[in-house]
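*Asks:* These are the residues of each chain, in order.
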Amino acid sequence: MTIQDIKATRRGFLAGSGLVIGVAIAPKMLPAAPTGVHAGGDAALAPMNAFVKIGTDDTVTVLAKHIEFGQGPFTGLATLVAEELDADWSQMRAVHSPTDNKVYANLMFGLQGTGGSSSIANSYEQMRKAGATARAMLVAAAAEDWKVPASEITVQKGRIKHAASGKESGFGAFAEKAARQTPPAEPKLKDPRDFVLIGTELPKLDTHGKINGTAIFTLDITPDNLLIAVVAHPEHFGATVKSFDDAEARKVQGVVDVKQVPAGIAVYADNTFAALKGRDALSIEWDLSKAETRSSEELSADYRKLFGEKGLEAANNGNVDEAFKAPGLQTVEAEIVFPFLAHAPMEPLDAVFIKADDGSVDIYNGAQFPGMDQEVAAKILGLDETKVRVNTQLAGGSFGRKAQFGSPYIQEAAAVYAATDRSRPLKHMWTREDDIRGGYYRPMYAHRMRGAINAQGQITAWEQVIVGQSIMGKADLDSTSVEGASNLPYTIPNLRVSAHNVQLSVPPLWWRSVGHTHTGFAVETFVDELFQKIGKDPVEGRLALLGEKPRHAGVLRKAAEMANWGSPVPEGRARGVAVVESFGTFVGQVVEVSVGPEGAPRVHKVWVAVDCGVAVNPNVIKAQMEGGVGYGLGAVLFDAVTLAKGGKIVQSNFHDYRSIRINEMPDVAVEIIKSSEKPTGVGEPGVPPVGPAVANAWRRLTGAPVRQLPIVNIVSA
Amino acid sequence: MVTFTLNGQERTFDGDPDTPLLWVIRDFEKLTGTKYGCGVAQCGACTVHLDGMPRRSCVTPIATIEGSEVVTIEGVSGTEADAVKTAWTGLDVPQCGYCQSGQIMSAVALLQMIPKPTDADIDGAMAGNICRCATYHRIRAAIHNAASSMEG
Amino acid sequence: MNWKFAITGVAALCLFVGAGTLLSPASVAQDAKTDTKTLKPAASFQSIANERERSVALFQEAGKVIQHPRCVNCHPATDRPLQGANMHPHQPPVFRGDGGMGLPGMQCTTCHSADNTPVVGQADTIKSIPGNPAWHLAPIEMAWAGKSLAQICQQIKDPARNGGKTMDEIVEHMAHDELVGWGWNPGAGREPVPGTQAEFGELISAWVKSGAACPAS
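Chains as they are written, first to last, in my numbering: chain A, 8 to 724; chain B, 1153 to 1304; chain C, 37 to 253.
One should not assume that every hint holds.
[Said to hold, decoys possible] List time: in silico DMTMM-like cross-link candidates among lysine to aspartate or glutamate, alpha-carbon distance up to 25 Å:
(1) C/K163 / A/E255
(2) A/K258 / B/D1166
(3) A/K266 / C/D160
(4) A/K655 / C/D160
(5) A/K266 / A/D64
(6) A/K258 / A/E292
(7) C/K163 / B/D1168
(8) A/K362 / B/E1181
(9) A/K655 / C/D71
(10) B/K1268 / A/D674
(11) C/K163 / A/D277
(12) A/K258 / B/D1170
(13) A/K652 / C/E227
(14) A/K543 / A/E578
(15) C/K245 / C/D134
(16) B/K1182 / A/D264
(17) A/K297 / C/D160
(18) C/K163 / A/E242
To be clear, the hints were calculated from the coordinates, so they are not data collected in a lab.
Extracted from the complex, chain A is given alone in its bound form (with noise of 0.2 Å):
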């Protein structure tokens, strides 16, 4: 597909749902088009809805409403389609849709996006829907052509059939038939018992793209004449230019501009090299006068100091004072210290902008909220919004980092591409060191927990306060601040927890499972040292607590039998638990720990138990339990971005921003729960419970409880 096919595309897009066939255009393969898929799939297809398009060559495109970065929404998206139109897996293909805020609204957001694990949650309806009129549709066109009642069709696997008459076809036949066919009302959906595609491993859309290096992404969209732009950023949170000299910059082989933007210095270049080197080649003064000044370790006392002050009450259940004064009680007490994190997705943030003759523009990016990109880019550009088309590109991973309120990314780029006289298409790029420097990470946290157990061996009271900031912007409470910690699982009859609101200029965003990967981590670790403290058994005596809560009993219950728990752990190992809902989902995991080579923990087994109801894909499921391990695992034992005195961001690359890797990565065994509730997300679920689970265990072993992450820091200081 190329860029010439966009507006072919556009035609059909725009004539509504799409009770209108696609004009069918030969796509012209031309070197100088960009490769970057555009929006909306192939255009010589015949739309049966918003959502489904079907070829003459049989094949059926889904027009998946979310981006596609390693979660699996193409495949999940496609899986519900595809069951209730009645088609073969095989027959099924998978694109980003065009960019719209209503059509393609995330039915829990109210615009177009992709977050909070909610693809297969909302679309689970809808999508089947979308099978289901188009399956109706291509029934009724098979019916008017067979001159059949309809009722006596039958479709399977991809064939319609009429059994009396012994004619059957496929579903191109009757592509362009079906599309003019009036769309049933309230299509028939299947019950679930009857399900024959949901449920199954199905293999995943887009694996083969990603094995062969033709999958395209943001960056790969090289159109001829391109101009690369990268920005240089200041080193501080706030800092502005005050003075610049660009000469040595210009004077680079390729370098064709230099520019003051909004972020920044902008360099434009032939080539992506070029333009690294003429960054590398500009002296610029920052002014720090508005600059976030204090190092991580100033912050982190700025923090503690909260804790004894009044807050934003979160959960206030039971008399929490009355209770801590009860005679006899055993107090535990900790202070636990999360530092920023970045996402850090393997493909850096990226935009690629080109002008069409009637002066709007196509911009491709790994759009999470495309909507509010295309709203945000056209104010920059000067352009309505229906002369920019948002191209929501495969992305290299994002893990909350595309989805920004304002679109704050799209801000810089689109200044960058405004900053030009918009004559050649331009790339705007992050190098990792723009990324891991360009905040909007997972903010710094505070937290400090209070246990009281009395006498009988009973935790009466828990009080929970947590500082931080809002990442909503919120000055009142921020629900995602304390989700997790003021809906404790566990039943205490004393509970209080509230938050304070920290204003900074390090932009806080959302990070892959949001305030879960702290107030998960405060929770686990903490139930888990009253258990040792009591002496009860830290299943058993989540359990005992677990009495409203059936879902996490129910995981946690697994993980324990999974990994056998109770039986003899190998010499020099401990193993710790956990379990943690988050997003409707429930995740148990068991993890088998021992001391590794850097003193650090070695993590070597992790069992992990899921529910999240029906289980659309076990497959994709599987792989988001295992990548969420690891993605947990490697920040917990790894990660921080700190400010050094003076404020300065330490870390830069993933020299010293490590990832797990292969050899860091443990064996993860996961098992899903059957249920016939409603499907929640898995994309973000497994990443909380891993770390508090390790930090469990490595108490375990060690004796040494973990209050300040990553554990790294803390063994090798």
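With chain A fixed as given, assemble chains B and C onto it according to the hints.
*Replies:* Relative to chain A, chains B and C alone:
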């Protein structure tokens, strides 16, 4: 002017001799399967085969490869490459997929040197390739599967 | 990272400029401890009358090179090289392999070239990737990391732990080996070892000629 072979075809480059092979491949040859991930040989996303050996193209100035043979993900072939790609497909290894070209180039090189690698061999050869989606569990299994398939 | 060294290096130079070539044994010993950034010429040790003391002092001076991170990082005590001024384990993780050239699939040459390679437009803490045609790890029996200078001294003299070299061959190796010489030309962003390879070679030569005595501890 630097002359080298790219996936079997002779190519020349007469730009800045400091230009890393990565950017020559991507920007000038427009072969985009080889990825940028760090630029400092930390992540392995840019791995190619240089004269038959795995090499991080991001730290390989084009001036240093005069007369060399470069093979990228688009051109890698042979028994090991076929076995690796089949095994990768069978286990649906990729998630976001961005690092996978580099992973596959490293895995093929490993199997060319050690047809039946142990877990330790896999750690040794693959620890230079970062996958932020942490598909490592399946990468390991896929390398074992590829090795088994080559025996048959 | 490197500017710090540059500044301390300049300070050290200022301190020791004009210290002269004739030093008392006491000041030599003291200087060896405090000044690790400059290398005194072998001739400056002539003032030490006692041959054994002179020999020890010469080796202690050479120790500024031998125990410098540039040298120790590739004489690790385990199979994993070290990296950087703080001698942390090499990232990405790499291991010795046959001939100290790395493991199959992840040999030194996967990243290191015949020359230091400048890194352009990336991390300000990685200015170059070091390189040399002979880039490899010293054999494990030649491990220096974690050892005292006295232990290293004994090791260097022991043919079982020095690659079977005679003392003349040791002098030749230290004075002229190209990979040893990389220490004085370690690429942008890395502090070179003090002095010159020729001066270092002269120190080793004078040490051998004076009986190759080793420090007591």
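*Asks:* Within 25 Å, alpha carbon to alpha carbon, are A/K258 and A/E292?
*Replies:* The given pair, whose Cα atoms are some 20 Å apart, holds under the 25 Å limit.
*Asks:* Just to be careful, I want the Cα atoms of C/K163 and A/E242 compared with a cutoff of 25 Å; is the pair within it?
*Replies:* holds, 17 Å
*Asks:* For the pair supplied as a hint, C/K163 and B/D1168, is the alpha-carbon distance within the 25 Å limit?
*Replies:* Roughly 19 Å between the alpha carbons, so the hint for C/K163 and B/D1168 holds.
*Asks:* Between A/K266 and C/D160, does the CA-CA distance stay at or below 25 Å?
*Replies:* holds, 22 Å
*Asks:* Hinted pair, alpha-carbon criterion (25 Å max): A/K543, A/E578. Please report holds or violated.
*Replies:* Satisfied, since the Cα-Cα distance of roughly 22 Å is no more than 25 Å.
*Asks:* Hey, C/K245 versus C/D134, does the alpha-carbon distance stay inside 25 Å?
*Replies:* Roughly 35 Å separates the two Cα atoms, so the pair is violated.
*Asks:* Is the hinted pair B/K1268 and A/D674 satisfied, with a Cα-Cα distance of at most 25 Å?
*Replies:* Within the cut-off at roughly 20 Å; holds.
*Asks:* Quick one, are A/K362 and B/E1181 close enough, alpha carbons at most 25 Å?
*Replies:* Holds, because 24 Å separates the two Cα atoms, which is no more than 25 Å.
*Asks:* Holds or violated: A/K258 with B/D1166, Cα cutoff 25 Å?
*Replies:* holds, 18 Å
*Asks:* When you check the alpha-carbon spacing of B/K1182 and A/D264, does it fall within 25 Å?
*Replies:* holds, 23 Å
*Asks:* Straight-line Cα separation of A/K655 and C/D160 no greater than 25 Å?
*Replies:* Roughly 13 Å separates the two Cα atoms, so the pair holds.
*Asks:* Are the Cα positions of A/K258 and B/D1170 separated by 25 Å at most?
*Replies:* holds, 15 Å
In summary, the structure is inconsistent with hints 5, 9, 15 from the numbered list given earlier, while agreeing with the others.
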